[in-house]
Structure formats: C-alpha cells, structure tokens
Amino acid sequence: MTETRIGVFVCHCGLNIAKSVNVKTLREQMSKLPGVAYGADYEFMCSETGQKIIRDAIKEHRLNRIVVASCSPKLHELTFRRVVKEAGLNPFLFEMANIREHCSWAHLHEPEKATEKAVHIVKSAVERCKYLDEIGEKEEFVKPSALVIGGGIAGITAAVGLADFGFEVHLIEKLPWLGGKTAQLGKAFPTEDCGVCVTPRTSEMDRKCFYKRQILSHPQIKTYTLSTLKNLSGYIGHFRAQIEKMPRYIDEKLCIACGECEKVCPVEVPNEFDLGLSKRKAVYLPFIQAVPHIYALDMNHCTKCGKCVEICPTKAIDLEEKTLYIDVEVGTTIVAVGFDEFEPIGLFGYGNYQNVITQLKLARMMDSSGPSSGCVVRPSDGHVPKRIVMLQCVGSRDKATHIYCSKICCTIALKHARSLKMANPKTEVTICYKDLRPFGRNYEDLYTDCQNLGVNFIYGDAKEVSEGPDKSLKVNVDLIEGGKKAIETDLLVLASALVPPKDIPQISRTLNLSSSPDGFLMELHPKLAPIDTNIDGIFICGACQGPKDIQETVTQALGAVARAATPMAAGKIKIDLAKAIVDENLCIGCANCVAMCPYSAIEMEPSGIARVIEIVCKGCGVCAAECPARAMQLRHFTDRQLFAAVEGILG
Amino acid sequence: MSQQEFEPAIVAFCCWWCAYGAADLAGTSKLHYPPNVRIVRVPCTGRIDPLHVLKAFQEGADGVIVAGCLKDGGCHYVDGNMKAEKRINALKKSLESIGLGRSRLEMYFMSAGMPDKFVECVTQFTERIQRLGQNSLKHAP
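Respectively, the protein sequence lines represent chains A and B. Using my numbering, you'd call the opening residue of the first sequence number 5 and step up by one each time. Using my numbering, you'd call the opening residue of the second sequence number 43 and step up by one each time.
These aren't lab readings, by the way, just hints derived from the structure by calculation. A couple of the hints might just be wrong.
[Unchecked claim] List of simulated lysine-lysine pairs, DSBU-like, C-alpha gap at most 35 Å:
#	chain 1	residue 1	chain 2	residue 2
1	A	467	B	72
2	A	531	A	178
3	A	478	A	178
4	A	411	B	159
5	B	113	A	531
6	A	142	A	234
7	B	159	A	234
8	A	134	B	72
9	B	180	B	72
10	A	178	B	113
11	A	117	B	159
Using the sequences provided together with the hints, build the complete structure.
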C-alpha cells in the first residue's frame, strides 16, 4: 500500500479567518500530525496563487491526500476538487475543513478558543482524509427540455429565452391567464409603459406586447394555464414532472372570446384581478388584454344554471370537465412563482375604512383599462379625491410583520405620486415615510420630479388613522424630528409589503427547495450562485427569491435562461459516483435497504443480493445506516470515514 | 469541577442540506455560540448509524447533537430526518439503560435558513451538558 502523504493548506481568508484563528499555530500543529507530509498557509487559498501553491506542493512533496482549511465547502469544495484534479489526484482525495463559517466567524471574540476549535476541525479532516477513496464519474444525457413554473414576467421571460435557444419549454401558470402581478400594474416604472405591454421581453419590437408576443403560438413553448406542479421526481437532466391542470370548463381551442356567456351569467362576484374594485361574472375574462384571450369559468361561484352552455355559439363550455394530469420529462426547471402583496388587515384602518387602499389597488385604478378607467376615485362614494396620503413601509421593516425592506414600494409611491400630480396638479399628494429608498438607476429622477411637482414629503412614523363622518380620514403622525402632526385626507394609500406567495411552502416541498427565514426561496449563494438552488438543475428567478422590480426580475430571468441552458446545450452532465454501494460478500438479502430508499434506487438481484442504481441514488445514506450486515456503504461517507472524522474532531 | 471550568466537548452531526447550512449562516451572520460545539458533516441525518453516535461518546464526547432538516417535508432526502429521529429516540433509551443518560443526545430540526434556531439549540444543549458534567466513559470517578 502506498504511504499516506497528506498536505494541509490553511487559508487566512484575509482576516476573515486569521483575525480569530491563529493560522500559524494551526499550520504548525497540523504539520506534525502523523500522515501529514506538508503544511502551508496562505492569505487566499482560493485565489489563483493559492491554487498554484496546492498544485505545486502536490507534485513537489508527492502528496496523495489534500486538506484545505478555509471557508464552507458549500463555497469552494468544487474549486479545490478541481485544483486537486488538475494536479493529477482524484478529486475525492480531498477534504475541506470549515474553519471560517463554523469557527472564526462564529467565535470572533474568542481567539484562543477559536484556534483550539480550528485544530479539532482540521484534525477531523486529516483523520477522515486518510480513509478517503478515489471516486469516478459517469456521464448522463440531459433532456433539452425545461419546465418553467409561473407565468408572470419572470416565467414568461425565462420561457421565451429558453424557447429561443431551441429548447422545448413547458410553462405552467396556476391562474387561467398569464401576466402575473406585472399585468396588474397599469404603468410600470421607470419607463411608464403599461404593465401588460412591458410583460414580455422586448428583443423584437413586434413581440413587445402580449398579443403580438406569440408566446402561445411559439412552436417551442407549451403553456398550461390553471396548472400547478403536482410532483417532481428525478434529477438534473431527467426530471419527471406531473402537472395538475384544473378544469377551465371552456375549451381553449373553441372559445372565441365573444363574451356571450358573460352576458347571460347571473352570478356577480368581486374581480380578483382588480382586487375587488370591480365585479366579474362566474364565467369571465378578468381584463380586456388577458392572455390567453379566452374565458374561464369559476366553479366556486357557478350555479350551474346552464345559460352560458346554451348561448355559447361554438359549444365551448363543458361544466363537467375534469382535472387533467399531464406527465412531462424535462432536463431543467425554473421556478418563477412571484410574490403576493401583503394584505395589511387591521393596519392603519385597512379593512375597516373603505378609503384605505394599497398601492396595488391604486395601480389598478390608475390603469386606463382598470375598474375606473384610469380615474382615481374614493371607494366609498366614487368621488375624485382632492387629497391623497401615502404611507410607506406598511408591513415592511417592521418587527410585528416583516423585518425586511420590500424594496420597490418607495419607487411605486413616487411613480404614483408623480402620475397623480401630472394628471391633476391641484391634487394634494403627501408621502409619509421613515426612509425613502428609490434604489434603481434613474429612480432618483422620480423623487426629484415629485419634489418639483409639489408632492409633500413628511418624515414621520404614522401611528393611527381615524375616519370622519364623510369617510375622509385623519392620519396621526409622529414626526421623526420631534412633534406630532395630524394629516387629513380623502384617500389613504398603503405601500404594503411584498410577501412570498401563499403556496410557496407547498412549492418548496414539491421541489425540495430551501427557503430563507423570510419565506422567500433561497438561492444557493447570495453572491456567487444567486440563481441556482440547493437542487442541481432547478433555478429561481424573480420576486419568489425576494422583493424585486421588473428590471431586476427580467435580468434574473435571463440569467436563469443561461443557467438552465448550460447543461441542456452541452447535452450531458457528469455525475460523480459518491453513491451507495453494496458489498456482495456481506449482503444477506434482507431487502431492508430496498424498503428504506426514498428514491427506489435499490433493486434485489435474482441472486438475492441488493444492487444500487447509481444514477437514481442521491447519496443520502439511509440504506447504509439501516443495513444490519454493514454490507451497504455510502461512498465518501463510509462508516470508517465517519468514525475517523469523529476521532479527529475529539482528538 | 465547577460548572464554569467545565468545557464540554460536543459533537454535532449536521446534515449537509439544512443544519450544516444553518451553521454556515450563523457564522456568516456573526452569531455566536459556544465553541465547544464541533460539527461533523453528514449528507443526511438518515445516514447516521447509532454506532456513529456511540463512537463519539467512546472518543470522549460529553454530548452529541444530531441536527437535520425541518419535519413535515423539510428533508432534502424526503424523510431521512424522520428515519433518523426513530433511531435517535431508540438510542436515547439505550443510553439511559447503559447509564450514560438519555440527555446527552438530542436531535434538532431546522432549515438552512434558520441560523438563530441553530444557535439557540446548540447553546441550550451546551448549557445542559455543562450541568450534566463529564461523560462518565471518559472520566470515571
């Protein structure tokens, strides 16, 4: 057997590690350990120079096992595996000791204890390293097809992007129509074009508008409305998705959107698209530009009177339509499920006083095809308000609701204030704010415009709102610079927070994705992998990852296109074989592992011996822990390797 | 030995997808917890064999934490965390009967986005072990 010659490389990470961990002591102690043939420390091991130090040392000192003590392996494990491979070693003969996230940063003010802990962490890696085995890889075919979940601006941008690459795209949207929140915006900053028009990507001018967009007729895109993802199995290259398509009760191919059904429908309910500011029928088209331009029937409110069925000239309505389940196989998945506007029930009179609305409701009113044809009116009496007050940070930057900043509400308020002032300079518009953050490029112009147009800015913390007999409102504000102020207004507009969609826990469960504490989906790394997720081949974009404006959403969606296209364009990916493996001599054929495996990745051979299907195995190791004969092992996390890690960490 | 002086050695088996990530985020957020807690990475808590825990006690751990993904669907590997919980509960009983005590082993559940929960769990567990004193395998009276 070859002599074990371990190289230990300690990273300072500038001062990130070196500030609390004595890297020199650490390197000296580690160099003396049995099996360690070489030790070095350097400011940035991940840098090109740092990588060269490792490569050179492997050759010069004939090292055959490498330990790098630095940041979390979530960051640079793959970097160093590559470095080790470049120097001719198998990439799995490498172990990373996390002395930054798990040590220097967590114990910043206890340098002695941090150093002592770092010694244990690196010892653990050194001990484990001695038992590491070479692991090979296998090439797998990637299906040139993608699933895009969410038909808002992020999902549409991603779908069109991938389709333009030539990949087949399955776009699913839970509502009967595409467009998401963007379609509701009326006008969207900074260019003030209508939300519906801005929704598509504008690579070609004739594709700027929904109608001319051809998303529905794009040969590469299959759009499924009223659809959600029921189940996703498989892995990058070969995801198997089951789409649940709820009945529309109207044949998408037969409906000609003549609207006869709507005319005879006796049911009237609030229109969700206008946030209840208008009414719709049980069979309806929520707004005039809706895409696909076909009606849908809402069975929750339908009385099944049958009038629409009778009158429909194309016989498109079928009240007995059933839910469909469609199976598709895709190589990658993009999640673009967007956000909800927080419903600030009970805050500042919202829900109690009719004339307290949210910015999204105001946007609906300001939309020329909205409930009041572009005219802002008081919900209580339909009168045009002379005074409008906007309150910022409702449900954002607030310990009682959401601690995060919703980012776009300041700019939305400024956009609306400017439009209101430009439409009618006599309207008194007041913005009450604690901090004003028009964050994007050129967004400061909105602020300056508002100042020039005479919008009032009040630097204060709104406390309570009361209603007068004529339904006008009084807002009591604690001024930040001291004192109090009462503002009277005809209409109060709350800049309500952006929150994750209600069904996001279910989505993340179905896809196995991680969420942040704020409930939004979590990226693999905030800086280095902002579109990737914890699952290979699944990418996120848009506001489901956190509050974003349209510019950022589109940018990220195009990024997601690139990320998803990468493996699909290559047509194949390499999969390492750090998977479960059976020792045929030890296997007793009890099939416990078969029963335990959550992926059906283990089969019993006719000979009565278990066999792992490597490409299906995800490497959890449940089978290995269950095997009574210790015949099953998880490569790279064998019992021996884990014992060694424990010995080292306590050594 | 007084409580102040006793610095227990605590091994935390953390699953790669959740608890390990939560510990990473705790570090990134500069949250502090006792340096007595030393993390061993496992792909999933479902990988943990009772022998791995016993090995830690044999090597001198005063307490062992098993930290996995959130219950009810939080597990990256479907339900490895629930399989682990069964094993850990059974092992706790065995630890009680062999005299090490069930309190020296605990399983926690968290998502990768819950650094506060990680810090809270390991801090409370460390305080508990400080009260319990040394692992009697290591230093018999």
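Now the hints, each set against the structure:
1. A:467 with B:72: holds (34 Å)
2. A:531 with A:178: Within the cut-off at roughly 30 Å; holds.
3. A:478 with A:178: Violated: residue 478 of chain A and residue 178 of chain A sit about 40 Å apart, past 35 Å.
4. A:411 with B:159: Given pair residue 411 of chain A, residue 159 of chain B holds - Cα atoms ~26 Å apart, limit 35 Å.
5. B:113 with A:531: Satisfied, since the Cα-Cα distance of roughly 29 Å is no more than 35 Å.
6. A:142 with A:234: holds (30 Å)
7. B:159 with A:234: Holds, because 31 Å separates the two Cα atoms, which is no more than 35 Å.
8. A:134 with B:72: The hint holds at about 32 Å.
9. B:180 with B:72: holds (33 Å)
10. A:178 with B:113: holds (27 Å)
11. A:117 with B:159: holds (22 Å)
This entry does not satisfy hint 3, going by the numbered hints stated previously; all others are met.
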